[in-house]
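*Asks:* Listed below, chain by chain, are the residues.
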Amino acid sequence: MTAYIGKRLLAAIPVILGLSIIVFLVMKLIPGDPAQALLGSYATPDNVERINRALGLDRSWPEQYVIWIGNLLQGDFGRSYILNRPVIDEVLDRFSATLILAGASLLICSVLGILAGIVSAVRQFGWTDRIVTFFVLIGISMPAFFLGLVLILLFAVQWRLLPASGMYAVYGGGDLPDLLRHLILPAGTLAIVATGVVARLTRAAMLEVLRQDFIRTARAKGLSENAVIYRHAFRAALVSIIPVIGIQTGFVLGGAVYIETVFQWPGLGQMLVKAVSTRDLLLVQGGVLVAATLYVLVNLLADVAQAMLDPRLKA
Amino acid sequence: MTSKWYGLAPLLAATALALVSPAAAQTPPNVLVVGQIAEPASLDPHVSTAANDFRIAVNLYDGLVRNKSGTLEIEPALATDWTISDDGLEYTFNLREGVSFHDGTPFNADAVKFNFDRMLDETHPYADTGPFPLSFFFSAVETVEVIDDLTVKFTLNEAFAPFMSNLASATGLIVSPAAVEQYGADYGRNPVGTGPYKFEEWQSNTSVVASRNDDYWDGAPELEAVIFRPITDANTRVAEMLSGGIDVLLETPPDNVAQFRDDPNYQVVEAVGPHVWYVMLNAKEGPFTDVRVRQAVNYAVNKESLVNDVLQGTAEVSAGPIPPAFNWAYNEEVDPYPYDPEMARQLLAEAGAEGASLTFLVTEGGSGMLDPVPMGTAIQADLAAVGLDVEIQTYEWNTFLSEVNPGLEGKADMAEMAWMTSDPDTLPFLTLRTAAWPEEGGFNSSYYSNPEVDALLDQARISTDPDERAELYKQVQALTNEDAPWLFVANWKQNAVVTSAVEDFELQPDFGLVLRDVSKP
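Protein chains in written order, with numbering that gives the first Met the number 0: chain A, 0 to 314; chain B, 0 to 520.
Honestly, the hints are just simulated from the structure, not real lab data.
Owing to the predicted nature of the structure, the values given are computational and were not obtained by experimental measurement.
Some clues are possibly wrong.
Claimed, not checked - Heads up, incomplete: computed chain B residues facing chain A, CB under 8 angstroms, no partners named:
(1) 41
(2) 203
(3) 206
(4) 230
(5) 231
(6) 400
We treat Cβ as the ideally placed atom computed from N, Cα and C, and that holds for glycine.
Let the sequences and hints guide you as you build the complete structure.
*Replies:* Here it is as structure tokens:
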């Protein structure tokens, strides 16, 4: 198992390196540059040249990339052009916020999605199944940013039950209940689509398992229905559910980009949107690098968990 | 198995209740929470370039001079008075006595010299705390000399009339040299000034907190603290205002202004701003080389309808390149082109340009661009009504700038643009002179050229007599209105919404958010 994990981690290095080259090229190929974003209306050629010299952007592309990689290997992510702040400070600040939001969403979508999936599989074509499927389809089809605004209108503006945006209250807050209050709406919104996907796949996986011989055997042994479903069927279905949750991590991280913008959640997604529009290359690189690493790790974790659950995969 | 869950249910319900109930708390008295449009980039006023950051900076710092509240006229701040030599090359300032920075170090002539040398001299020991994008505001400064502890002299290499207004801009604010030495490149997150509020804390992406400076030389403010919150999404910003999370809402979307205006719990505050929104017309090639076609589009577009319907009354119709916010230099006698499609058709017929096809570059959004896509399509419709066939090409803001700034030749006949400036000189000097064509390094991307206008602008730039300057700008205004290098559209009115508890809140024509006189009992 250790050798397997080591091999997988090594395989991730070229993926992340390739990703950084793609990000670098895309950022260089889209028109506009940080000097223009900084200077706005005042971006005369003279001023742009002065700023580019100060930021080291007057060097050739390969040179810039090699310098960045070289610094990165020494643990230096560089300085944001626009924020004038070390990239690593900004990315770590943001990363913890995204981790909280994405973690909470994953938790919600896994628990709700799996429960909904099991219930509708067990009561296939019954009323419960139809109702669950109905809501699941609405969840999958609803644009999350729109749903986010609707929830803000209801919970923050109309009923004044929850804060409209932010991660902590700007005065008197900062503790765990404060964080949870701010977390409910964005995490809930972000979880809705993923919940639908997890529910659909759990339902399919459960239906397949429930048709198999060992389930009939278990029932024939006289086990209670709960034991059959949760101890035998669900455990077998989990093998195909876990990778789905791993993939949902990517979805949740991607969804965080607009959910964080709507809810003013101070995370990586919101940072990336702004960094791209101001062509803040090093900040984009830092953010993408961290998000990609997280995605690779979570999927590795999912694969390991799957291997542990399914003896056939251990080879 | 299931029975275990029943025990949990009340616990969960109680937790949920505890979480949701106290959220509706209002902001406390004497603390003002401002909903900003973005996280500040830096609170070093020499490093930053964003109006959003300057709204915080003007409350932490003072400059040598400042704009008198509600106007763009200069009044003393950290300098009590000054003399300008007859040739306009030497400015000598007497500094205010007994002023200290928030870190306790004294404000004096050495501090002033440090500030400008850091920005302008690449060999200065703290030049690496930059870059300083807007330092060219002071590029005419040759030397800064300390005459004595409270006297400082600036020597310019050429007469430069906008010097005083540039000193009053955010780039002219004075930072604490000791703090720059202490924090180096991280000074922008640890700002120290002399202003009415002291910087307390910057929580990344959550808030910037500043508290009252009890020793402020111009009288301590009434508010105990000001909190700036970044809320990027305009709809979310409005929702925060409606749910009681902020006291001041900046840059309200036009659609929401009316809603707040009708609600007694809120006040809508407006002020003119030195802002111009226009469409440049390519005078080098195509139909717009003929002045009659340029005038025709000015007649053809219904600007009243643009400012009232598209912008919901958040702007006024513009008459030329100098906005009325510069009241001392504004020519009241020049009227905007009236909406007269008949006249437009007649001029187009005379010029033989009926049914011409035009390409129009439109941006999706950007600094000062208001509602560029709806405005672009409304203009397109008005021009179609007089028989012009306009094709719109839309670009994201940074891409748009890199299309437009190098010049419209070979690309387009028209392009949207907007400017916010601190001096009447800036916009015409950078966008209307022959010497400002793109290949010369300026922003005259539509190649307007009138030697008379060139001469007037050059003269206004070196004249240190405000009355003479004003007269020259009035002539520029009259000439350009006739030449119609642009389709003149709108001057934006800044707006803010504040709750009814906030008193004496005013917006400034220089876009500063000056909070020293505001109270919220």
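*Asks:* For every hint, state whether the structure bears it out.
*Replies:* Cross-check of the supplied hints:
This hint holds: residue 41 of chain B has a C-beta 5 angstroms from the nearest C-beta of chain A, less than the 8 angstroms allowed. At its closest, the beta carbon of residue 203 of chain B sits 4 angstroms from a beta carbon of chain A; the interface hint therefore holds under the 8 angstroms criterion. Evaluation of the residue 206 of chain B hint against chain A yields a held restraint, the C-beta minimum of about 4 angstroms falling below 8 angstroms. For residue 230 of chain B, the interface hint holds, the least distance from its beta-carbon to any beta-carbon of chain A being 5 angstroms, beneath 8 angstroms.
Residue-level restraint check for residue 231 of chain B holds (minimum Cβ-Cβ distance to chain A is 6 angstroms; threshold 8 angstroms). For residue 400 of chain B, the interface hint holds, the least distance from its beta-carbon to any beta-carbon of chain A being 6 angstroms, beneath 8 angstroms.
Of the numbered hints given earlier, the model fails none.
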